[in-house]
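There are 2 protein chains.
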Amino acid sequence: MNTNNRTEISTVGEFGLIERLTADIKIVNKETLAAVGDDAAILAYSADEEILVSTDLLMEGIHFDLTYFPLMHLGYKAAMVNFSDIYAMNGTPKQITVSLALSKKFCIEDVEDFYRGVKLACSQQGVDIVGGDTSASLTGMAISITVIGSAPKGTSIKRSGAKETDLICVSGNLGAAYMGLQLLEREKIATAGKDMQPDFAGKEYILERQLKPEARKDIIERLREEKVVPTAMMDISDGLSSELMHICKQSNVGCRIYEERIPIDYQTAIMAEELNMNVMTCALNGGDDYELLFTVPIADHEKVASMKDVHIIGHIVAPSMGKAMITRDGAEMELKAQGWVTEGAE
Amino acid sequence: MNTNNRTEISTVGEFGLIERLTADIKIVNKETLAAVGDDAAILAYSADEEILVSTDLLMEGIHFDLTYFPLMHLGYKAAMVNFSDIYAMNGTPKQITVSLALSKKFCIEDVEDFYRGVKLACSQQGVDIVGGDTSASLTGMAISITVIGSAPKGTSIKRSGAKETDLICVSGNLGAAYMGLQLLEREKIATAGKDMQPDFAGKEYILERQLKPEARKDIIERLREEKVVPTAMMDISDGLSSELMHICKQSNVGCRIYEERIPIDYQTAIMAEELNMNVMTCALNGGDDYELLFTVPIADHEKVASMKDVHIIGHIVAPSMGKAMITRDGAEMELKAQGWVTEGAE
Chain A
1 MNTNNRTEIS TVGEFGLIER LTADIKIVNK ETLAAVGDDA AILAYSADEE
51 ILVSTDLLME GIHFDLTYFP LMHLGYKAAM VNFSDIYAMN GTPKQITVSL
101 ALSKKFCIED VEDFYRGVKL ACSQQGVDIV GGDTSASLTG MAISITVIGS
151 APKGTSIKRS GAKETDLICV SGNLGAAYMG LQLLEREKIA TAGKDMQPDF
201 AGKEYILERQ LKPEARKDII ERLREEKVVP TAMMDISDGL SSELMHICKQ
251 SNVGCRIYEE RIPIDYQTAI MAEELNMNVM TCALNGGDDY ELLFTVPIAD
301 HEKVASMKDV HIIGHIVAPS MGKAMITRDG AEMELKAQGW VTEGAE
Chain B
1 MNTNNRTEIS TVGEFGLIER LTADIKIVNK ETLAAVGDDA AILAYSADEE
51 ILVSTDLLME GIHFDLTYFP LMHLGYKAAM VNFSDIYAMN GTPKQITVSL
101 ALSKKFCIED VEDFYRGVKL ACSQQGVDIV GGDTSASLTG MAISITVIGS
151 APKGTSIKRS GAKETDLICV SGNLGAAYMG LQLLEREKIA TAGKDMQPDF
201 AGKEYILERQ LKPEARKDII ERLREEKVVP TAMMDISDGL SSELMHICKQ
251 SNVGCRIYEE RIPIDYQTAI MAEELNMNVM TCALNGGDDY ELLFTVPIAD
301 HEKVASMKDV HIIGHIVAPS MGKAMITRDG AEMELKAQGW VTEGAE
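Those sequence lines, one after another, are chains A and B. So in the working numbering, spot 164 of the first sequence is number 164, and the numbers just go up one at a time. So in the working numbering, spot 176 of the second sequence is number 176, and the numbers just go up one at a time.
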């Protein structure tokens with residue numbers, strides 16, 4: 001470990017670090033079509049299909065809190081968010097591997113609960129568990145899931161294809177999962193050490209968005225049915241603002257989105273009000289939405305405008321125009337990639 | 001988490017737990033040829049090739065100790081042991097993804113050191129880094145690596161093909177990496193808090209086996225050149241004894257190996273002597289060898305007998321005869337899957 005000459009990771013952030021680490025990577029295998037920088041890598045092993053691979057490493061205390069996150073839900077979510085990465089490439093998830101590291105506080109029944117959730121997600125989405133590994137951990141739980149999927153040759157959708165005048169679309173609504181998390185955190189503190197139950201009445205939807213997210217396979221299917229081919233796509237895991245900036249950067253374009261068009265559920269708005277938080281900030285920067293963000297040619301306007309649960313929130317502009325949101329009062333607010341900041345201790 | 005009705009994981013062990021978790025898994029995708037139970041999953045996405053996927057989750061304090069394990073070596077080893085899983089299937093590793101979770105004690109320079117090791121291993125073996133992820137961790141470092149490789153259709157070698165009269169072969173020598181680990185642990189204690197350097201003179205080989213293992217691509221190439229097709233194969237990561245029992249179980253056979261034929265380097269023997277350990281126990285149960293264990297038809301005896309760095313250590317017998325080692329004095333000793341026990345705290 002370096003003791004002198006230390007640069008803290010926080011000075012460049014997660015994305016800055018990944019860029020720095022992967023900048024000089026040269027691809028040597030003809031089977032490697034696309035590597036770092038999308039929701040999944042694209043591999044060309046087959047003449048007819050592209051193979052998609054994505055992976056996630058989740059740490060207790062950073063990505064999840066077992067005080068209020070039931071293990072079965074955790075297993076379900078860990079699998080589902082990986083499927084979401086494959087859908088975000090316009091592919092179909094087919095296989096996953098599941099590795100767990102567990103400290104001694106976990107018993108067999110805990111691991112079975114976790115697996116029950118993974119298996120439920122897999123059976124719902126037609127995915128096979130093809131590898132598993134468990135090992136010890138000094139503290140807490142670590143989960144590593146890798147998902148493998150496929151798309152017909154040439155149909156994978158990357159982040160780099162957005163073009164000027166394209167429409168920017170999102171599925172579902174934003175900020176709900178983040179509000180669910182805030183609620184869980186509030187009730188954790190409120191009930192700590194007391195003989196009382198958390199109060200979740202009327203908040204079921206935002207809780208479910210946090211505890212049991214669903215990958216938007218339905219949107220991918222609808223786009224196919226309507227023969228709409230997005231020019232760029234990704235899933236929203238770190239917040240709309242941050243993800244949209246990824247698309248703009250990799251497509252070398254700018255964007256305009258409209259505050260009034262950002263879809264927000266009323267439970268999300270009520271919860272933000274209760275917590276005295278700005279709901280738009282939550283919708284732009286809250287994490288864990290797992291909705292799809294995509295761009296389509298303006299010629300598809302009619303099709304996407306009439307598509308259930310799809311919202312046109314803005315359009316792509318020239319790179320020189322920057323990345324901004326037009327607020328309800330007509331002001332231009334520069335988008336910032338605040339993302340979903342997770343900080344480790346020690 | 002379950003508080004009542006707890007069964008400790010230690011009562012069934014890692015392999016028992018995996019069996020219990022994966023026993024009821026039904027495969028639904030035609031692309032899934034082989035799932036849990038081998039060094040890698042076998043996927044059939046292509047008409048000509050089988051795709052192999054394997055994954056590892058490594059935890060600080062369980063799988064590695066950064067007091068004596070330089071980060072660059074750790075990166076090299078983490079990549080190399082994954083390549084080894086693909087070679088163990090008779091495949092060629094092509095891509096890896098690398099995820100890291102890091103507590104605040106790590107700086108950018110540390111991560112760069114780690115990646116330098118990963119990149120060195122990748123460039124030596126012609127593997128592309130296709131995905132990367134870093135996140136925070138409350139304590140220590142977690143590493144998750146997934147490797148993707150391929151083999152021409154029908155040429156992947158599983159653990160389940162060993163047949164009676166087959167010869168049992170291992171590459172290289174055994175127990176050296178385990179002795180290297182013992183040496184590092186001894187010197188860690190001896191030098192703790194003192195202004196002195198660890199004493200590694202004359203022990204370079206066992207240290208290198210622990211700190212810089214090499215995946216045996218050369219053996220796979222030699223077998224191909226000589227047109228020897230193993231009936232079963234795996235790599236030795238948890239000790240010969242444990243791995244041989246996996247092959248016997250999955251092939252439904254028994255085995256006889258001969259103590260006098262187990263290849264042991266003289267540095268391994270000297271270190272065991274110094275530490276007052278039984279060298280044969282270390283060779284049978286020490287971990288981290290990353291040598292190849294394979295069975296070949298007896299008709300290939302001449303070819304493998306003359307193969308450089310390949311040792312015939314025994315043969316496959318009927319399942320009713322059990323799994324045993326014949327000691328130097330002619331006694332029969334039942335093999336036990338002691339494996340490489342790693343225990344977590346908390």
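Where hints are given, some of them may not hold.
[Unchecked claim] Below, in silico cross-link-like pairs of lysine-lysine (DSBU-like), each with a Cα-Cα straight-line distance of 30 Å or less:
#  : chain 1 : residue 1 : chain 2 : residue 2
1  : A       : 336       : B       : 105
2  : B       : 105       : A       : 188
3  : A       : 26        : A       : 212
4  : B       : 336       : A       : 104
5  : B       : 336       : A       : 26
6  : B       : 203       : A       : 104
7  : B       : 308       : B       : 212
8  : A       : 30        : B       : 249
9  : A       : 26        : B       : 26
10 : B       : 105       : B       : 30
11 : A       : 249       : B       : 104
12 : B       : 227       : B       : 105
13 : A       : 212       : A       : 30
14 : A       : 203       : A       : 217
15 : B       : 105       : A       : 105
16 : B       : 26        : A       : 153
17 : B       : 336       : A       : 227
18 : B       : 336       : A       : 105
19 : A       : 105       : A       : 26
20 : B       : 188       : A       : 105
21 : A       : 30        : B       : 336
If you are wondering where the hints come from, they were derived from the structure by calculation, not from laboratory data.
Taking the hints in turn, this is what the structure says about them:
1. Of the supplied pair hints, the one linking residue 336 of chain A and residue 105 of chain B holds, its CA atoms being roughly 28 Å apart against a limit of 30 Å.
2. A C-alpha spacing of about 28 Å is found between residue 105 of chain B and residue 188 of chain A, which places the hinted pair at or below 30 Å, so the restraint holds.
3. For the hint pairing residue 26 of chain A with residue 212 of chain A, the CA-to-CA distance comes to about 39 Å; that exceeds 30 Å, so the pair is violated.
4. Under the criterion of a C-alpha separation no larger than 30 Å, the hint pairing residue 336 of chain B with residue 104 of chain A is consistent with the structure, at around 25 Å.
5. Only pairs whose Cα atoms come within 30 Å are accepted, and residue 336 of chain B paired with residue 26 of chain A is rejected, the gap being roughly 45 Å.
6. Distance restraint check for residue 203 of chain B and residue 104 of chain A: the Cα-Cα separation of roughly 35 Å exceeds the 30 Å cut-off, and the hinted pair is therefore not satisfied.
7. For a cut-off of 30 Å, the pair hint linking residue 308 of chain B to residue 212 of chain B stands: about 21 Å separates their Cα positions.
8. For the suggested pair residue 30 of chain A and residue 249 of chain B, the alpha carbons sit about 38 Å apart, so the restraint of at most 30 Å is broken.
9. Taking the CA atoms of residue 26 of chain A and residue 26 of chain B, the gap is about 39 Å. The hint is violated against a cut of 30 Å.
10. With a C-alpha separation of about 46 Å, the suggested pairing of residue 105 of chain B with residue 30 of chain B is violated against the 30 Å cut-off.
11. Of the supplied pair hints, the one linking residue 249 of chain A and residue 104 of chain B holds, its CA atoms being roughly 29 Å apart against a limit of 30 Å.
12. Using a Cα cut-off of 30 Å, the hinted pair residue 227 of chain B and residue 105 of chain B is violated, with the two alpha carbons roughly 51 Å apart.
13. Between the alpha carbons of residue 212 of chain A and residue 30 of chain A the distance comes to roughly 39 Å, so the proposed pair goes past 30 Å and is violated.
14. In summary, the hint linking residue 203 of chain A to residue 217 of chain A is supported, as the alpha carbons are separated by about 25 Å, within the 30 Å threshold.
15. For the suggested pair residue 105 of chain B and residue 105 of chain A, the alpha carbons sit about 25 Å apart, so the restraint of at most 30 Å is met.
16. A threshold of 30 Å between alpha carbons decides the hint, and for residue 26 of chain B with residue 153 of chain A the separation of about 28 Å falls inside it, so the pair holds.
17. Using a Cα cut-off of 30 Å, the hinted pair residue 336 of chain B and residue 227 of chain A is violated, with the two alpha carbons roughly 60 Å apart.
18. Distance hint between residue 336 of chain B and residue 105 of chain A is fulfilled; the C-alpha atoms sit about 28 Å from each other, no more than 30 Å.
19. Distance check on the hinted pair: residue 105 of chain A and residue 26 of chain A sit about 43 Å apart at the alpha-carbon level, beyond 30 Å; violated.
20. Using a Cα cut-off of 30 Å, the hinted pair residue 188 of chain B and residue 105 of chain A holds, with the two alpha carbons roughly 29 Å apart.
21. For the suggested pair residue 30 of chain A and residue 336 of chain B, the alpha carbons sit about 44 Å apart, so the restraint of at most 30 Å is broken.
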